[in-house]
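So the protein lines, in turn, are chains L and C. Reading the first sequence from the start, the letters are residues 1 to 201 in the working numbering. Reading the second sequence from the start, the letters are residues 1 to 201 in the working numbering.
Simulated from the structure, these hints should not be mistaken for laboratory data. Even for Gly, the Cβ is constructed at its ideal location relative to N, Cα and C. Be aware that one or more of the hints could be misleading.
Claimed, not checked - Restricting the straight-line Cα-Cα distance to at most 30 Å, the calculated cross-link-like pairs of lysine-lysine (DSS-like) are: (1) 126/L / 161/L; (2) 37/C / 23/L; (3) 23/L / 126/C.
Stated by the list, open to error - Beyond 12 Å from chain L on every Cβ pair, some chain C residues (computed): (4) 4; (5) 57; (6) 75; (7) 115; (8) 119; (9) 126; (10) 146; (11) 179; (12) 182; (13) 184; (14) 190; (15) 191; (16) 197; (17) 198.
Stated by the list, open to error - Which residues of chain L face chain C? A few of them, derived with a C-beta cut under 8 Å, are: (18) 31; (19) 41; (20) 53.
2 protein chains.
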Amino acid sequence: MKNPPSLDQLISALRVLPGVGPKSAQRMAYHLLQRDKPGAEKLARALEHALSHIGHCQRCNTFSETPLCALCADPARRQDQLCVVEMPADMLTLEHTQSYDGLYFVLMGRLSPLDGIGPRDLPLEKLAHRALDGAVREVILATNFTAEGETTAHALSELLKGHGLTLTRMARGLPVGGELEHTDPGTLAQALFERRGVTGG
Amino acid sequence: MKNPPSLDQLISALRVLPGVGPKSAQRMAYHLLQRDKPGAEKLARALEHALSHIGHCQRCNTFSETPLCALCADPARRQDQLCVVEMPADMLTLEHTQSYDGLYFVLMGRLSPLDGIGPRDLPLEKLAHRALDGAVREVILATNFTAEGETTAHALSELLKGHGLTLTRMARGLPVGGELEHTDPGTLAQALFERRGVTGG
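I would like the entire structure built from these sequences, with the hints used as guidance.
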């Protein structure tokens, strides 16, 4: 006794999604076929459409339907700051703060030996080319503060140093509204180590 | 600053999958477009194929590519026992035990008012028609022992009683290899209540 072949194929195909194991894939397939056929149809079409329409911005490497993404094409952005992030979501999050008006470069990943992602899997040449275009003066290494993100930031600083660029990293410290008692020791130690002078003190 | 429209459409389409919220949908879309385009292609095709090929067995209601599923078409199965389960996965699990050679009926769901699934959303008429075909003598109500499953079993027993069928429910009790100390009080109480005579005792 087995599932019909096309059901098994669907269950197996759903496992390409990150974080979806055999049990969830089965549950998803049942749900789509039993309760949401229009949703399944929509998903199939969205996949096809995205595959045929989405490429990478030739300048910042983020997902884009046009050769140049909207942000890179915006003449109002500062051309001398380049903020390097891991994923497009990081760029969206930073844009949400409305506190940065330079440009971005999206790595589409991070160095992660455990996942088999090494320097060759990141667009380092494209980044070097972009950062050394003559207009960029500061590169903000805004990879995550995880082990992988820190390793990536280090590798990027090695890649870009010695070309007269200012390389910066976002500050670590307590979150706005954060209380010392509820901050992890690592962050607290870092915040103490990177303490800043107080004006008027 | 936004995602390209076809990326946003894909993220929104992925949310038809049960248990997938906005963050996972975004992560899935990034993964597919960045790291597994062949997988995305495969998923789109599997969805289309399953949608066009999979229907329901006219006898037991499970997913099937043929009018009659392989199990219902098997003449070696006992025709007088009908085991009613919630989902095809339950049928597969029971088949795996190799301890049942009757037939099945798959509800494709359970009564679940919280999810908006009432009696009209289950194939109760189809079940009644199937159970009262004259060959069936025992109906085993094998819905889950959850609140929804118990409610469903009760509704099914109301539906099928008074027609001379033997209605049974699977036994509750300790699992094989189970220890009293590590069994929850509800199961323990039920196991005590449903204790059986010991032969030779």
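Evaluation of the provided hints:
1. 126/L / 161/L: Roughly 16 Å separates the two Cα atoms, so the pair holds.
2. 37/C / 23/L: 23 Å, holds
3. 23/L / 126/C: 28 Å, holds
4. 4: 4 Å, violated
5. 57: 9 Å, violated
6. 75: 15 Å, holds
7. 115: 9 Å, violated
8. 119: 16 Å, holds
9. 126: 14 Å, holds
10. 146: Answer for residue 146/C: holds, closest chain L Cβ roughly 15 Å.
11. 179: Answer for residue 179/C: holds, closest chain L Cβ roughly 26 Å.
12. 182: At about 23 Å from chain L, residue 182/C clears the 12 Å cut-off, so the statement holds.
13. 184: Since the minimum Cβ distance to chain L is about 22 Å, residue 184/C lies beyond 12 Å and the statement holds.
14. 190: 26 Å, holds
15. 191: 27 Å, holds
16. 197: 34 Å, holds
17. 198: The claim holds: residue 198/C sits with its nearest Cβ about 34 Å from chain L, beyond 12 Å.
18. 31: 5 Å, holds
19. 41: At 6 Å from the nearest chain C Cβ, residue 41/L passes the 8 Å test, so the hint holds.
20. 53: Holds. Min distance 4 Å.
Violated hints, in rising order: 4, 5 and 7; the structure is consistent with all others.
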